[in-house]
Amino acid sequence: MDLDGFINPEPVVQPENQPFWDATKEDRFLVKWCNVCERAHWYPRARCPFCFSDDTAFREASGEGTIYAFAPMRRTAAPYILAYVTLAEGPTMMTNIVNARPEELTTGQPVRVAFVPTSGEYKVPVFTPT
Amino acid sequence: MRRPGLGYIVGAYEHPLRDAPDRSVAQLHAEVAAGALADAGLTKDDVDGLFCGPDTPGTGPLSMADYMNLNLRHVDTTNTSGSSYLIHVAHACQAIAAGKCDVALITLAGRPRQEGKAKGSLKRADNPNQPDFEFEHPFGIQILGVYAMVAQRHAHLYGTTAEQMAWVKVAFSHHAQHNPNAKLRNVVTVEDVVNSPLVADPLHRLDCCVVTDGGGALVVTREEIAKSLDRPLVKVIGCGEAPYGQAGGYAEITDSGARRSGATAYAQANVTPADIRYASIYDSFTITAMVQLEDLGFCEKGEIGAFVSDGGLISGSGRLAVNTDGGGLCNNHPVNRGGMTKALEAVRQIRGEAHPAVQVPDCDLALANAIGGQLGVRHASSTIILERG
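Chain order of the listed sequences is A and B. For the first sequence, position 62 matches number 62 in our numbering, and the numbering has no gaps at all. For the second sequence, position 197 matches number 197 in our numbering, and the numbering has no gaps at all.
No wet-lab data here; the hints were simulated from the structure. Each statement offered as a hint is correct.
Pairwise CB distance ranges, derived in the manner of DEER restraints:
1) A:Arg59 - B:Gln27: 51 to 57 Å
2) B:Pro273 - A:Glu60: 45 to 51 Å
3) A:Gly90 - B:Asn195: 36 to 42 Å
4) A:Cys37 - B:Arg3: 40 to 46 Å
5) A:Glu26 - B:Gln94: 51 to 57 Å
6) A:Ile7 - B:Gly58: 34 to 40 Å
7) A:Arg75 - B:Pro273: 35 to 41 Å
8) B:Pro21 - A:Asn99: 44 to 50 Å
Sample of chain B residues lacking proximity to chain A, with all beta carbon distances greater than 10 Å (derived):
9) Asp45
10) Pro57
11) Asp102
12) Glu163
13) Glu303
14) Phe307
15) Asn336
Partial list, derived from the structure: chain B residues whose beta carbon lies under 7 Å from chain A:
16) Glu136
17) Met149
18) Val199
Computed from a predicted structure; not experimentally measured. All C-beta atoms in this analysis are idealised placements derived from N, C-alpha and C, irrespective of residue type, glycine included.
Chain A extracted, bound-state conformation:
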């Protein structure tokens, strides 16, 4: 399964998440936290989905996670691996697994963030086995 042909679509950036996407240009991975209840959430929101406070902030993430689930998309024009990764910070995010063969992947496997270009100006955070 050749994963080299897949180009991630560029994100449509909403104003509340501009800092997240700007950071991707520097290969920095941010996760949104609530400053009141001190929980990380995904996907990033201006308002905390737990306590509903608007006192939320992007913080540098560790970039560490484990595979929660994955699906090799074999029949698309350019195959890729769709995945959920559980971040060390707590929440699980949709992403891709790169630089790996699907046969070598398992749920619970440690992975680390990497950044790949999109069809636009921003990069996206994907994950690769450590």
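Knowing the structure of chain A, use the given hints to seat chain B on it.
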């Protein structure tokens, strides 16, 4: 014990076509409306409530109400994608009880095969302003991929095998052979399913539903009108609806809203899963039906693999008769939405009008369940429970 009816389904019609190149979408809506009204013994001038899902062309009900020239006093355009139509049944019962309408018409129609959706070649119509789009679209989210992850994780957590998933397709193919309108009438084996091409591991091509044109319609009314008509009585005795999301990144993707929509419906109907004689369960993929059957309490979580194996869902010989029309996997999945056809076969079973080869004897209690949106990301589950009146 006779439970009070929340409303009565008096008309049910499934469009016989699976490819409709020569019809407009509006025409298909009107055809299924006419079919369901004729089934009930009512006319379009009896309709005073119209319930529309996202497939209805135009702004909510406006264009189709005008096209059919209906005289309405109640409209409802609840949109939870494929589960909309079962929620419409529930909302129709509520509107009737509140005196807002007497005869509610629910339609679903469309022609995805003519519009390039049969092979996924048409881009999904997601709105970039939906807040998840920004963090899912860039990773190539696809319905197939999300369901494959649900299946992969279910296999990881519970040991569910590709062969067990295949049994769902096998069972529904056994039913579909008796349905002359089914898109796929050939009986398949477990080997056929697991030897079909892997499309997104662990899902094979034959784990996936059909894509069909056409549609269906339901007519819901109050008890007095239902009893004045010359049709077997189909009582709605329980309804539940439950959105299920990602909980800020902490949800379990092998769980679904069916747990809550089912519990709500069982409680209202005062029945348990063991009482259900027939179940229509949404089957966009084999795993879709399996997760819902677990969450509706037909078996313990994680034990669905054994439940469906060895023909567990085949009418007559299995543990529970499910999708006796052939389901979305074999019969029909009009407009890529499942809820309507799920209600239609449940109505046939309660009436005793399913094909004799798949009719559940003395079927006095049936359940229909649908997922709208996607398992594993965000969806709404809807459940209705029907009893013979």
